[in-house]
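> Sequence:
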Amino acid sequence: HPSRHRGPRKPAMTSWGPVASSKDKKKHEVVQQTAPSFNEVVHKFFGELTEVSEQASEWMGKQATCLASGLSTPRRKTWSLRWYLIELDVRTLAETCPRDLELLRVLTDAASLMARPLVPWDISVKEVKVGNVRCLWNWPSSFESPELVPAKCLYVHGGAFCLGSPETHIQLTSQIARRGQIAVLSPDYRRCPEFPLSAAHEDCIEVYKWMVENCQSCGGDTAADGNTNASNNSVAGCPRATSNIVIGGESAGANIALSVALHIRDGRCPLPAPKGLALMSPWADLVDAMERTSSSWTNNQVCFVLPDLAELFARWVLVAQKHGGVQWDAEGKAKFAELDKEALIALAKNADVSPALAKSFKDLPHTLVTIGDGETLRDSQLQLVERLRKDGVTVEKEVYEDMPHAFALANFVAGGCCEQPSAVVDRFAAFVDARCGMPFPKQPARGGCKCCEIQ
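Numbering (our numbering) for the sequence shown: 31 to 485.
These are computed hints drawn from the structure, not numbers from a lab.
What you are looking at is a predicted structure, and each value in this text was computed from that prediction instead of being measured.
Hints are not guaranteed to be accurate.
[To be verified] Derived DSSO-like pairs: lysine-lysine, alpha-carbon spacing no greater than 30 angstroms straight-line:
1) K352 with K392
2) K156 with K472
3) K392 with K427
4) K371 with K389
5) K352 with K371
6) K420 with K392
7) K352 with K379
8) K379 with K392
Kindly generate the complete structure, drawing on both the sequences and the hints.
Structure follows, in structure tokens:
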């Protein structure tokens with residue numbers, strides 16, 4: 031029958047739409063009773079909008095204050111215009127950057143994208159694996175392999191113990207390799223706060239041990255005065271035995287380098303002592319970062335190592351050391367907040383995190399310490415130099431006028447009347463060569479630029 035193929039029956043219609051059934055009418059009444067009124071919806075919307083606007087306004091106010099502080103950085107007399115603009119940029123970034131570990135890592139890791147193209151054409155780069163530690167070699171291409179280069183350096187990168195990698199520092203390590211004709215090995219050590227600082231010590235010691243076993247001959251090493259001492263390498267593990275390797279680093283990397291040297295000196299790992307220590311802007315005293323009572327913290331506020339940043343990173347490191355590593359999640363963030371300042375200072379007095387506070391520096395190798403006179407950490411670095419000398423360590427100290435923390439990292443923008451960032455790299459490379467008994471190559475003239483001549 032045709033009616034069987036008409037499909038479902040259409041609802042009855044009125045001039046304004048379908049006729050509602052009694053079931054639909056009841057449902058509509060329930061919805062009307064439970065749904066908020068139009069006025070309530072509007073009131074809630076504008077209330078939330080006002081709250082968000084207040085929060086945004088407060089955030090923008092803080093950002094504006096930080097931005098103004100960064101842009102008001104005064105220019106010092108030795109700064110070229112180009113260097114002053116770099117200082118403005120870095121200081122403003124330090125003022126306005128988020129205090130969040132993951133975002134800070136994104137910002138610093140982005141530096142590796144810019145650093146890789148700056149590696150000189152005559153420097154070879156190779157990744158190697160030492161146990162579980164990934165490392166990056168930089169060495170002059172005139173040598174077939176880094177093991178054949180006479181002068182060698184284990185370079186520990188900085189980054190406040192929590193940031194950075196061999197890739198973020200590849201421009202600096204490649205310049206050290208080129209200027210001194212040095213083989214530079216940089217380990218990608220385990221970082222805080224996911225791992226305690228002692229994990230970084232273990233990784234760097236493992237890499238140093240591998241270098242000792244694979245990167246030097248069985249004969250005697252040559253001292254800085256050119257004399258060969260066959261007895262120096264005769265007994266690995268003897269406190270007086272030395273390798274032909276210099277351990278160095280900047281900032282937090284200098285802290286780790288000093289700790290590794292103390293571990294070897296104390297016999298905690300049976301290895302020959304390094305030929306020298308090269309420490310650039312060492313951050314070796316975390317108590318100083320927590321208390322901030324020295325004059326350099328007030329006189330050098332132009333430095334990008336701001337008090338709150340220094341305390342924040344110190345907190346992450348100290349809590350990680352206490353708990354054996356802390357993950358960056360809700361539970362971990364709660365642990366970072368649970369310790370007060372007094373408890374953190376008590377943890378910072380441990381020489382494993384603050385090697386500048388070690389009981390003795392006796393028998394440490396010949397040491398170079400380079401310092402920026404404009405650093406907030408300057409006074410603690412000068413105190414380290416005095417303690418080293420008091421304990422009989424031969425120390426070469428260089429203080430660079432008006433320079434901020436870890437200024438060697440910006441050596442590629444140096445020029446004209448501001449050569450200090452480049453000069454400190456020369457000084458570092460020359461020290462490594464001298465300790466390994468090699469002459470420091472003559473460096474090509476580095477011309478300035480028009481902008482640097484503007485006073």
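> For each hint, tell me whether it holds in the structure or not.
Quick rundown of the hints versus the structure:
As the CA atoms of K352 and K392 are separated by approximately 28 angstroms, the hinted pair is consistent with the 30 angstroms bound. Proposed proximity of K156 and K472 is supported: the alpha carbons are some 26 angstroms apart, at most 30 angstroms. Straight-line distance between C-alpha atoms of K392 and K427 comes to about 18 angstroms, which keeps the hinted pair within the 30 angstroms bound. In summary, the hint linking K371 to K389 is supported, as the alpha carbons are separated by about 23 angstroms, within the 30 angstroms threshold.
A threshold of 30 angstroms between alpha carbons decides the hint, and for K352 with K371 the separation of about 14 angstroms falls inside it, so the pair holds. With a CA separation close to 9 angstroms, the supplied pair K420 and K392 stays within the 30 angstroms bound. Straight-line distance between C-alpha atoms of K352 and K379 comes to about 13 angstroms, which keeps the hinted pair within the 30 angstroms bound. Between K379 and K392 the CA atoms are separated by roughly 19 angstroms; this keeps the pair inside 30 angstroms, and the hint holds.
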